[in-house]
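**Student:** The primary structure of each chain is shown beneath.
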Amino acid sequence: MIVEPARRRLLAAAVLLGVGLGGFFDGILFHQILQLHHMLTTRRPAETLTAVEVNMFWDGMFHAFTWLVTVGGLAALWRALADPDAPRPPRTFVGGMLLGWGLFNVVEGVVDHHVLGLHRVVEGAPHPWWDLGFLASGVALIALGTWLVRADAPRPAPAPTARTPAVAIRR
Amino acid sequence: MAARAASAATALLLGAHDVALACTVCGSERGADLRAGILEGDLLLAAAGVVVPFLALLGAAALVGRGAPPARGGGA
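Those sequence lines, one after another, are chains A and B.
In terms of my numbering, the first sequence opens at residue 1 and continues consecutively.
In terms of my numbering, the second sequence opens at residue 1 and continues consecutively.
The reader is advised that the hints may include incorrect statements.
[Said to hold, decoys possible] Some chain A residues near chain B, calculated using beta-carbon distances under 8 angstroms:
{"id": "1", "residue": "Arg44"}
{"id": "2", "residue": "Thr50"}
{"id": "3", "residue": "Phe65"}
{"id": "4", "residue": "Leu103"}
{"id": "5", "residue": "Phe104"}
{"id": "6", "residue": "Glu108"}
{"id": "7", "residue": "Leu132"}
{"id": "8", "residue": "Ile142"}
Hints in this document: simulated from the structure, not taken from any laboratory.
Every residue, glycine too, gets a C-beta built ideally from N, C-alpha and C.
So that you can see chain A by itself, here it is in the shape it has in the complex (with noise of 0.2 angstroms):
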């Protein structure tokens, strides 16, 4: 994707938002609202109360990342907008949040659920499904996230036609 200089800054201070939020929106939802899994339970299932402090301690360690990496969002975002004249298109914003919780959602689960085994999204279900549908909602925000920021470019001058300006030189 190419995107001009200008826009670039604030492009990647919302791909780190966007990456921490959706940690955020993982570990909150899955690990402690829903309670599908923690960050071990494939390799140490929360059977035993240790086991479950275990579990606990890393899905602590996940959220400390989290939470730096949205700190250096905030930091970079900062940064972004210290020029007065920067852009500032929503859609570029936008985008690139939905770009960074897509890496996030595919490069996690590449990582912990398929590679390392840590954790598969809904523990103990019989199919992938889940997986392979985790893996698939960051493709689909990625491509949703590359559209909004593509939309934001800035258009190319239209080359002169016979009814243009060239034709007027003409005259």
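Let chain A serve as the given structure and place chain B on it in line with the hints.
**Tutor:** Frame of chain A, contents of chain B only:
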């Protein structure tokens, strides 16, 4: 080296956790169980599961921001 640093950091965190636990109804025995549960076995794997995705994502954000013009005023 990295494994030692991770173990030391975890032990430090759990040392504080033990103190907190000792002050509650949990008691320090559970703190010891927890420390053993974290330090034995899956420490590096779990640490990788937390750190690797975020490093990859930070790299992706850095790639997106590469070539950005320097901020004017107020920026670092």
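**Student:** With reference to the structure, classify each hint as holding or not holding.
**Tutor:** Do the hints match the structure? See the list:
1. Among the interface hints, the one on A:Arg44 holds; its C-beta lies about 7 angstroms from the nearest C-beta in chain B, closer than the 8 angstroms criterion.
2. Hint on A:Thr50 holds. Least Cβ distance to chain B is approximately 5 angstroms, under the 8 angstroms limit.
3. For A:Phe65, the suggested interface contact is upheld, since its CB lies about 5 angstroms from the closest CB of chain B, less than 8 angstroms.
4. For the restraint placing A:Leu103 at the interface with chain B, the shortest Cβ-Cβ distance is roughly 6 angstroms, inside the 8 angstroms limit, so the hint holds.
5. Taking 8 angstroms as the C-beta contact cut-off toward chain B, the hint placing A:Phe104 at the interface holds, the least distance being around 6 angstroms.
6. For A:Glu108, the suggested interface contact is upheld, since its CB lies about 5 angstroms from the closest CB of chain B, less than 8 angstroms.
7. A cut of 8 angstroms between beta carbons decides the hint on A:Leu132: the least distance to chain B is about 18 angstroms, and the hint is violated.
8. For A:Ile142, the interface hint is violated, the least distance from its beta-carbon to any beta-carbon of chain B being 11 angstroms, above 8 angstroms.
The structure fails hints 7, 8 (numbered hints given earlier, in ascending order).
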